[in-house]
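Please take these sequences and the hints and turn them into a complete structure.
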Amino acid sequence: MESTVPNDALSATFQLSMKRRSFIKLAGLGGVVYASGLSGWAANASPVDDFFFVQLSDSHWGFEGAPNPDARGTLPKAVAAVNGLEKMPDFIVFTGDLTHTTDDPQERRKRMTEFKAVVADLKVKPVYFMPGEHDAGLDRGAAYQEFFGKTHYTFDHKGVHFIVLDNVSDPGASIGDEQLAWLAADLEKQTADAQIVVFTHRPLFDLYPQWDWATRDGAKALALLMPYKNVTVFYGHIHQENHHMTEHIAHHSAKSLIFPLPAPGSQPKRTPIAWDSAQPYRGLGFREVATVRKTMEYQITELPVQKS
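Count the sequence shown with this note's numbering and you get residues 496 to 803, in order.
It should be emphasised that the hints constitute simulated quantities derived from the structure, not laboratory data. Some hints could be false.
What the hints assert, rightly or not - Below, computed lysine-lysine pairings styled on BS3-like, alpha-carbon distance capped at 27 Å:
id	residue 1	residue 2
1	K611	K764
2	K618	K764
3	K582	K620
4	K724	K684
5	K605	K653
6	K724	K582
7	K802	K572
8	K605	K582
9	K611	K572
10	K764	K724
Claimed, not checked - Distance windows between CB atoms, simulated:
id	residue 1	residue 2	range
11	K611	T766	26 to 36 Å
12	E581	G644	45 to 55 Å
13	D585	E742	43 to 53 Å
14	P666	D544	37 to 47 Å
Glycine included, every Cβ here is placed at the ideal spot set by N, Cα and C.
Shown next, in the form of structure tokens:
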């Protein structure tokens, strides 16, 4: 069963396809695999270049109450599920909102301390972090940096260049001129066909600005990325899957570990979807992202939160 995104706006060498491959059983629940075809991988890349990582997002540690009666349980369950994977990922990345917002600086640091203690049980290293607006919006990332370090940075892994962008420390939801200049300088070091993955918290495109599902100067970042043939963006913030193309740049959002949110503009307010006791943890989960260089594709596997 296959559905292909319309190719009208895409170059002849680039397509995004989504394939329902199989269901992965975790505590009786299913996760779906999607694959997005990316051109430009080295044709002679060896299988050893293949790798996968795990993306988790929006754990909102410190949140209590409806709609999640297991608010302090879903993150530990996700950690246990990752540790129980048959094959360990090369690394793990959290795409923001590690903790839930609070006006109390002392409570903010307490939540970050507790979050770090929970994720310390992850068997895989390294683990990469980035802030969400709940972590950094009230103090421009001051507490976050005490616990997790820089809010934007790069790293390289097996021929792929990873860029972590901060579009949350500015309370106006902007990346900012200074960071955009940093991004431009970093990209100048890359070749036109470099393999580039960008992690952000908010979407870089205007998904639904009325609900804060946008980055005010995201278009400037995309303009800097556009000359590069092989760019993929993974983000969080919207608490659901969403797949979008900006010309040849693919954007994939991740589910949350605390509660799902409604589809963009599907209802008047951005209120969380109610807990369904008949289907607990519905809409919550994390994902595997497999970089398959030999076949020139990414395989995105959505995994649910376990019941226990």
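The hints, checked one at a time:
no.: 1; hint: K611 x K764; verdict: violated, 32 Å
no.: 2; hint: K618 x K764; verdict: violated, 39 Å
no.: 3; hint: K582 x K620; verdict: holds, 14 Å
no.: 4; hint: K724 x K684; verdict: holds, 15 Å
no.: 5; hint: K605 x K653; verdict: violated, 36 Å
no.: 6; hint: K724 x K582; verdict: violated, 30 Å
no.: 7; hint: K802 x K572; verdict: holds, 8 Å
no.: 8; hint: K605 x K582; verdict: violated, 33 Å
no.: 9; hint: K611 x K572; verdict: holds, 15 Å
no.: 10; hint: K764 x K724; verdict: violated, 37 Å
no.: 11; hint: K611 x T766: 26 to 36 Å; verdict: holds, 30 Å
no.: 12; hint: E581 x G644: 45 to 55 Å; verdict: violated, 31 Å
no.: 13; hint: D585 x E742: 43 to 53 Å; verdict: violated, 29 Å
no.: 14; hint: P666 x D544: 37 to 47 Å; verdict: holds, 41 Å
Of the numbered hints stated above, those contradicted by the structure are hints 1, 2, 5, 6, 8, 10, 12, 13, listed in ascending order.
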